[in-house]
Amino acid sequence: MSADLAWISAAITAARPQAVGALLRYFRDLDTAEEAFQDACLRALKNWPANGPPRDPAAWLIMVGRNAALDGVRKRSRNTELPSEEVLSDLGDQEERAAERIDAGDYRDDVLRLLFICCHPDLPATQQIALALRIVSGLSVKQIARAFLVSEAAMEQRITRAKREVAGGEVAFETPGAVQRSERLAAVAAMLYLVFNEGYSAGDNPERAQLCDEAIRLTRLLLRLFQTEPEIMGLLALMLIQHARTPARFDAEGQVVLLDDQDRGLWDRKRINEGLALIDKAMRHRRPGAYQVQAAIAALHARAAAPADTDWPQIDALYASLERLTPSPVVTLNRAVAVSKVRGPEAALEMIAPLEDRLAGYFHFHGLKGALNLELGRHAEARAAFDRAIALANTAAEAAHIRQHLDRLMADHPAPATGAR
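To convert, take the position in the sequence shown, counting from 1, and add 5; that gives this note's numbering.
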């Protein structure tokens with residue numbers, strides 16, 4: 006990529022949420038706003054290399070996109086003659102006036118409205134994620150389809166259905182009120198964490214793994230809108246600390262490396278330090294929430310120089326707090342790992358036994374059950390649990406990791422022969 010295209014691409018990417026959000030406010034239609042933004046981007050590619058960067062790229066894109074869309078309407082209605090390309094491109098003082106008029110408050114409302122629409126309560130989570138990646142992030146349908154391992158046609162249909170659902174619903178385009186902001190902020194945060202987890206669980210799919218970076222970028226944007234909201238600080242801290250471990254999570258063959266076996270020298274200390282600072286700042290607000298607690302757990306792992314230094318009693322206590330905030334069998338399952346370190350594998354098995362019916366189809370339940378039984382020397386039970394985990398694996402890396410346990414188990418403790426003696 007040339008130097009010109011590199012800075013233009015970066016400027017357009019950074020300006021996209023504000024520009025699309027403002028165009029959506031003008032035209033109250035996602036397709037029109039998106040098309041207007043694309044027209045503005047084409048003009049930017051033509052004009053910016055020659056004229057230099059505008060004072061405010063977002064304001065420039067909003068004005069040009071709005072003019073282009075309005076001109077399209079006029080052309081179709083044949084009411085007025087189109088202005089020349091020179092008139093459309095020579096914004097001059099108009100750009101400066103727009104930059105002054107579109108202040109941080111306007112950006113906040115426009116971006117927030119855009120995020121709220123992508124998290125429309127009538128949309129299933131899969132459509133919320135796809136719509137946000139397409140509209141807010143600007144990823145192509147092809148990129149999103151590759152990340153989710155579906156065809157372009159299927160992803161196009163998913164995004165089209167989401168837009169149709171939004172268009173058919175009664176979406177408020179006025180400035181969101183304080184009550185609505187509070188109610189919908191949790192939905193936006195949850196959608197962003199879903200995007201992150203889609204990337205974090207990607208295994209050997211590098212395109213899907215890039216979703217982690219995109220989720221972090223959008224969460225930074227959300228934090229700029231809500232600079233004193235501790236849960237958004239906690240969410241960003243959680244993402245940063247988890248993503249910091251990515252270089253050590255898989256070996257050269259793409260096999261999963263468990264936390265205790267990871268080379269902590271490969272962890273991204275810059276991300277970790279930023280995450281630690283954020284969670285410390287969030288906790289000073291004394292308004293605990295689920296993301297803050299999860300980030301605090303991740304922070305304890307990040308602060309441990311070696312696995313033996315991990316403060317497992319404190320992690321157990323934090324998971325107990327998380328169980329009270331957001332009761333869930335998965336939270337209890339995660340707590341059982343800490344309990345096994347503090348009180349032993351037998352106590353952990355007792356804790357997860359009541360979860361079996363609800364987590365019968367969950368890969369990690371059977372993987373943990375197998376590991377705990379293996380630690381207790383219950384080889385038949387461990388083998389059965391590992392077999393079930395392999396059947397439920399979501400990725401090849403997960404299956405290969407469990408297969409390693411099984412292979413070692415079979416080598417050390419072969420299954421008893423069956424049939425006549």
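These are calculated hints, taken from the structure and not from any lab test. Any given hint could be a false lead.
[What the hints assert, rightly or not] List of simulated lysine-lysine pairs, BS3-like, C-alpha gap at most 30 Å:
1) Lys346 <-> Lys286
2) Lys275 <-> Lys346
3) Lys168 <-> Lys147
4) Lys51 <-> Lys147
[Stated by the list, open to error] Beta-carbon label-pair distances, calculated as ranges:
5) Trp12 <-> Asp266: 56 to 66 Å
6) Arg269 <-> Leu50: 24 to 34 Å
7) Ala19 <-> Ala396: 37 to 47 Å
8) Arg225 <-> Arg33: 25 to 35 Å
9) Gly349 <-> Thr165: 47 to 57 Å
10) Asp127 <-> Ala309: 42 to 52 Å
11) Pro359 <-> Ala19: 41 to 51 Å
12) Ala309 <-> Ala19: 34 to 44 Å
13) Gln319 <-> Lys286: 12 to 22 Å
14) Asn399 <-> Glu258: 46 to 56 Å
Note that the structure is a prediction, hence the values are computed from the model and not measured. Just so it is clear, CB atoms sit at the ideal spot from N, CA and C, and this is done for glycine as well.
Now for the hints, and whether the structure bears them out:
no. : hint                          : in the structure
1   : Lys346 <-> Lys286             : 29 Å, holds
2   : Lys275 <-> Lys346             : 29 Å, holds
3   : Lys168 <-> Lys147             : 17 Å, holds
4   : Lys51 <-> Lys147              : 25 Å, holds
5   : Trp12 <-> Asp266: 56 to 66 Å  : 42 Å, violated
6   : Arg269 <-> Leu50: 24 to 34 Å  : 44 Å, violated
7   : Ala19 <-> Ala396: 37 to 47 Å  : 45 Å, holds
8   : Arg225 <-> Arg33: 25 to 35 Å  : 28 Å, holds
9   : Gly349 <-> Thr165: 47 to 57 Å : 53 Å, holds
10  : Asp127 <-> Ala309: 42 to 52 Å : 44 Å, holds
11  : Pro359 <-> Ala19: 41 to 51 Å  : 49 Å, holds
12  : Ala309 <-> Ala19: 34 to 44 Å  : 36 Å, holds
13  : Gln319 <-> Lys286: 12 to 22 Å : 19 Å, holds
14  : Asn399 <-> Glu258: 46 to 56 Å : 18 Å, violated
Against the hints set out earlier in the document, violations occur for numbers 5, 6, 14.
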